[in-house]
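**Student:** According to this note's numbering, the sequence shown holds residues 2 to 313 in order.
Rather than coming from a laboratory, the hints here were simulated on the basis of the structure. Be aware that one or more of the hints could be misleading.
To be verified - Listed next, with one range per pair, are the computed distances between beta-carbon atoms:
{"#": "1", "residue 1": "Gly-273", "residue 2": "Arg-56", "range": "17 to 27 Å"}
{"#": "2", "residue 1": "Phe-168", "residue 2": "Phe-255", "range": "23 to 33 Å"}
{"#": "3", "residue 1": "Ala-175", "residue 2": "Ala-68", "range": "19 to 29 Å"}
{"#": "4", "residue 1": "Glu-37", "residue 2": "Asp-185", "range": "19 to 29 Å"}
{"#": "5", "residue 1": "Gln-148", "residue 2": "Asp-234", "range": "48 to 58 Å"}
{"#": "6", "residue 1": "Ala-68", "residue 2": "Gly-181", "range": "37 to 47 Å"}
{"#": "7", "residue 1": "Gly-71", "residue 2": "Thr-112", "range": "47 to 57 Å"}
{"#": "8", "residue 1": "Val-23", "residue 2": "Val-115", "range": "15 to 25 Å"}
{"#": "9", "residue 1": "Asn-45", "residue 2": "Asn-253", "range": "17 to 27 Å"}
{"#": "10", "residue 1": "Val-254", "residue 2": "Gln-39", "range": "32 to 42 Å"}
What the hints assert, rightly or not - With a cut-off of at most 20 Å between alpha-carbon atoms, the simulated PhoX-like pairs for lysine-lysine come out as follows:
{"#": "11", "residue 1": "Lys-127", "residue 2": "Lys-99"}
{"#": "12", "residue 1": "Lys-135", "residue 2": "Lys-99"}
{"#": "13", "residue 1": "Lys-99", "residue 2": "Lys-61"}
{"#": "14", "residue 1": "Lys-131", "residue 2": "Lys-99"}
Just so it is clear, CB atoms sit at the ideal spot from N, CA and C, and this is done for glycine as well.
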Amino acid sequence: MQAAARRPRTNHLDLAQRILDVARQRGFEAGAHLPEQQIASLCNVSRTPVRAALRLLTEKGVVRWEAASGYRLAIDLAAQATMTADLPVTEEDELAEKILRDRSARRLDQTVTVGALMRRYDAERKTVLKSLKKLTEENLLDRAPGQSWLFRRTPDDPEAQGESYEFRLMLEPAAILTPGFRLDGTRAAALRQGMEALLALPDAAFDSREFQRLDIEFHSMIADGCANRFVTDALSDHLRLRRLPGVYAGVNVFRLKQSLREHLTILDHLEGRQFEVAADLLRVHLRLSRNQRPQAASRGAPALFGMISRPD
């Protein structure tokens with residue numbers, strides 16, 4: 002009987018995804034050289050795990066190895082809006098995703114225990130514990146007394162979504178207006194390319210998962226640009242909750258595409274250092290997203306978006 006394929010280590014998978022994120026943010030194109038030392042510095046790790054992560058990406062055809070020059074990017078990450086690396090997952094990552102899906106579908110209570118999860122998923126104790134540790138590190142779970150874990154409240158119901166948008170309306174525009182705000186130009190350029198590529202797709206081919214990635218990346222870029230670390234940390238923690246399944250459920254493709262156009266308009270003014278205008282546009286964008294009224298949106302972009310042109 003053939004032995005099961007050995008699963009890659011979690012840290013190598015995580016690093017492989019980080020390498021892709023860094024390459025996308027910095028606008029690396031197909032054929033770009035990926036020196037091990039540079040990647041190690043950008044990801045703040047040693048060269049040994051970088052080699053393992055690059056080998057993993059090579060197996061998936063995302064990176065290629067050339068004897069003369071080393072590793073090179075094999076695809077254009079920004080141009081392929083719906084591209085995923087299709088990386089394998091570890092048992093604990095797979096279980097963590099199942100737990101999140103079941104919680105989003107209300108198949109799990111707010112409080113869970115190791116024993117109950119072992120029985121539900123027919124999983125070993127160590128796998129369950131690693132999954133819970135992963136979710137705790139991502140601020141999706143809190144450790145409760147005894148052997149219990151408590152899910153944090155997520156913006157997946159109307160009341161919670163309203164509170165989520167109120168929180169973001171208070172902090173995100175303020176992040177742009179904080180003295181010392183800096184836009185990562187390379188990251189912004191890669192993000193623009195990805196959003197424009199996704200917008201160009203017909204509705205039937207629109208990938209909501211890619212929209213979710215771009216949406217979170219756009220708002221993360223704003224959070225990371227803020228010079229106030231407490232605002233950055235608060236927004237970053239909240240954005241992690243928006244990665245959960247179900248957060249974008251019920252929003253039609255028209256609204257998602259309009260949202261991308263709003264992102265691009267905001268980005269225009271961020272790049273032009275018109276931060277006051279960008280903050281105002283962000284407030285309108287968040288209010289529209291909160292209301293999620295496609296019947297109103299179908300009459301065209303709001304006046305504030307339609308009247309303001311890209312800065313020279």
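**Student:** Quick check on a hinted range of 23 to 33 Å for Phe-168 and Phe-255, using CB atoms only.
**Tutor:** Given a distance of about 26 Å, which is inside 23 to 33 Å, the answer is holds.
**Student:** Okay, Ala-68 versus Gly-181 on CB: inside 37 to 47 Å?
**Tutor:** holds (46 Å)
**Student:** With a cut-off of 20 Å on the C-alpha distance, tell me whether Lys-99 and Lys-61 pass.
**Tutor:** violated (24 Å)
**Student:** Can the suggested window of 19 to 29 Å be confirmed for the beta-carbon pair Glu-37 and Asp-185?
**Tutor:** holds (23 Å)
**Student:** Straight-line Cα separation of Lys-127 and Lys-99 no greater than 20 Å?
**Tutor:** holds (16 Å)
**Student:** Do Gly-71 and Thr-112 keep their Cβ atoms within the hinted range of 47 to 57 Å?
**Tutor:** Cβ of Gly-71 to Cβ of Thr-112: about 49 Å, so the range 47 to 57 Å holds.
**Student:** Return holds or violated for the Cβ distance of Gln-148 and Asp-234 against the range 48 to 58 Å.
**Tutor:** Because 29 Å falls outside the window, the suggested range is violated.
**Student:** Using the Cβ atoms, figure out if Gly-273 sits within 17 to 27 Å of Arg-56.
**Tutor:** violated (42 Å)
**Student:** So does Asn-45 sit 17 to 27 Å from Asn-253, Cβ to Cβ?
**Tutor:** Violated, at about 40 Å.
**Student:** Straight-line Cα separation of Lys-135 and Lys-99 no greater than 20 Å?
**Tutor:** holds (13 Å)
**Student:** Taking the CB of Ala-175 and the CB of Ala-68, does the distance hold inside 19 to 29 Å?
**Tutor:** violated (52 Å)
**Student:** Can the suggested window of 32 to 42 Å be confirmed for the beta-carbon pair Val-254 and Gln-39?
**Tutor:** At 39 Å between Cβs, range holds.
When the structure is compared with the earlier hints, violations turn up for hints 1, 3, 5, 8, 9 and 13 and for no others.
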